Each structure stands twice: as C-alpha cells, then as structure tokens.
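Trainee: This is what each chain is made of:
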Amino acid sequence: MQQWTALITAEPIDEAAVRRAVEAPESGALVLFCGVVRNHDGGRNVLSLDYRAHPDAQDIMAETVRGVMESSGLTIAAAHRVGELAIGDIALYAAVAAAHRKEAFDACAEVVEQIKLTVPIWKRQHYVGGISEWVGL
Amino acid sequence: MSSSDAAVVEKAAAEKTAAEKAAVGKAVVEKTAVEMNVHVRYFAAAADAAGSEDEMILMNAGSTLGELKAELTRRYGPDMEQVVRTGSFLVDKVVRRDLDWPVSSQVDVLPPFAGG
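Heads up: the sequence lines are chains A and B, in that order. Each residue of the first sequence is one higher than the one before, starting from 1 at the first, in our numbering. Each residue of the second sequence is one higher than the one before, starting from 1 at the first, in our numbering.
Some clues are possibly wrong.
[What the hints assert, rightly or not] Label-pair restraints from in silico Cβ distances:
{"hint": "1", "chain 1": "A", "residue 1": "Asp41", "chain 2": "B", "residue 2": "Asp92", "range": "30 to 40 Å"}
{"hint": "2", "chain 1": "B", "residue 1": "Leu99", "chain 2": "A", "residue 2": "Ala109", "range": "44 to 54 Å"}
{"hint": "3", "chain 1": "B", "residue 1": "Met56", "chain 2": "A", "residue 2": "His100", "range": "48 to 58 Å"}
{"hint": "4", "chain 1": "B", "residue 1": "Asp92", "chain 2": "A", "residue 2": "His100", "range": "38 to 48 Å"}
[To be verified] Listed next, the in silico SDA-like pairs over lysine to any residue satisfying Cα-Cα at most 20 Å (straight line):
{"hint": "5", "chain 1": "B", "residue 1": "Lys93", "chain 2": "A", "residue 2": "Leu7"}
{"hint": "6", "chain 1": "B", "residue 1": "Lys93", "chain 2": "A", "residue 2": "Gln58"}
{"hint": "7", "chain 1": "B", "residue 1": "Lys93", "chain 2": "A", "residue 2": "Gly67"}
{"hint": "8", "chain 1": "A", "residue 1": "Lys116", "chain 2": "B", "residue 2": "Pro112"}
{"hint": "9", "chain 1": "A", "residue 1": "Lys116", "chain 2": "A", "residue 2": "Asp59"}
{"hint": "10", "chain 1": "A", "residue 1": "Lys116", "chain 2": "B", "residue 2": "Ser105"}
{"hint": "11", "chain 1": "B", "residue 1": "Lys93", "chain 2": "B", "residue 2": "Ser105"}
{"hint": "12", "chain 1": "B", "residue 1": "Lys93", "chain 2": "B", "residue 2": "Glu53"}
{"hint": "13", "chain 1": "B", "residue 1": "Lys93", "chain 2": "A", "residue 2": "Glu63"}
{"hint": "14", "chain 1": "B", "residue 1": "Lys93", "chain 2": "A", "residue 2": "Gln114"}
{"hint": "15", "chain 1": "A", "residue 1": "Lys102", "chain 2": "A", "residue 2": "Leu7"}
Since the hints were made in silico from the structure, they are not lab data. Keep in mind that this is a model prediction, so the values were computed, not measured. Just so it is clear, CB atoms sit at the ideal spot from N, CA and C, and this is done for glycine as well.
From just these sequences and the hints, can you work out the full model?
Mentor: Put into structure tokens, the structure is as follows:
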C-alpha cells in the first residue's frame, strides 16, 4: 500500500524515498522526472531562486496527484521543494510506476503538467545584476 | 409633582431608554446582515503589492470575487492589478477563478502559480 502521494519540503528532496513510494513487484516500468533549477530564463542569467508554497499546497498537490492516479490507474508520488534553491537543485521530483513504459511516460508528463497548473507554489528568480522578480506575472 | 407622578415619569423614561436600546440593537443587527468582514490573506507577489500578509476588508454581504478584485486594484494600483489579472483566489480551501463566486469570511489572493 502506498504510504504517501505528495510532499512539500524545505529540505533537499529524498529521491529514493519518492521512488520507494511507488515501487511494486508488478511494475515493469518506473518513470522518474526531475524538475531542475536552470541558470537562464527568458534570455536572462539566473543565479538562484526562492520557492514559496501556500500552507494548503501539500493537500492540493495530493489531490492533484490522486486525480491523475485515478485517470491513469497507476501509482504516482511527487515531491516539491521550497525555500532557497541553487542552480542544479531539484525543485520537483515525480515518480510513476506501471506495468508497461508507455502509460508510465504519459502519466508522468500529465502529473507534472497538472502540478504546475493547480498547486499554489510561487517562484522568485534572482538574476545576475541584483534584480529579483516573481515568475509568471 | 406627587410620588406617583414621579414614578410614571421614571417608568416612561425607562421605557424610552429600552426602546432606544432596542433600536440601536436592531441597527447593529441590520448592519451585520448587509456587511461582512473578509479576512484577506496575501501571498508572494500579492503580499509585495499589498505591503502586508493580510488584512480585514469590510464588504457587502454577498459580494463576489470580482468585487474584491476591483477593491484590491483600487487600493493597491497597478502592481496588484497585475497579480489579480492572471491570479486566482482560495475560498474555503478551493482555488476559484470564477469572478461571480461569492466571498467568504476568508479569501486568499493567489498570484499565478509557478511551481515545477
């Protein structure tokens, strides 16, 4: 039985724990996605960024993950990190287990899309030159 | 003035006071029936635009998110307008974008999401 579906954490994401949350003997495919902090956005050089989450974000993310689990019939878990992140840090980690790879790839793409659309998390980018801006406005 | 006359005057005064109190009480009840305090919480870019994390805003009962949006823009200008133009609201733990949705006693102002 799956222990958890969604986690918002201020600590570095425990990749093995996310993977363990979905692993099962009947799964022949395990698709893992890492959303990583990159050093550029919109043609500007990014130094670092801050993620902030609404206090209800974990509940909303769990609901979103459960929705994709229901529509796909697969086992899914996802973790999102908040706080100050550096280039190369993992911000989002999603894991999907399935009997076969095609459905696991599809569900992983879908759950990442849905998390970006529905979970109240915000990102402030710090650019070279000392400018900081909230992303998405 | 006899003592019985004085008693009548006192009684009349007491009744008048009671009637005034009742009238004031009624006015208070009517006021709470047509207006409500909304605890508005601001997050991320919305908190920057408002210059605070939260505040109480007095609104007419039955006000909509569209009316709250207009009030926030009136109070905080272009910075807040930019936030609420593409943002959403959290009402009773559900994210709402429908501007006809009624406000409740607590509404969170959510800038556009940027997770992932």
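Trainee: I'd like to know which numbered hints this structure contradicts. Please list them from smallest to largest.
Mentor: Hints 2, 10 and 15 are the ones this structure does not satisfy, whereas the remaining hints hold.
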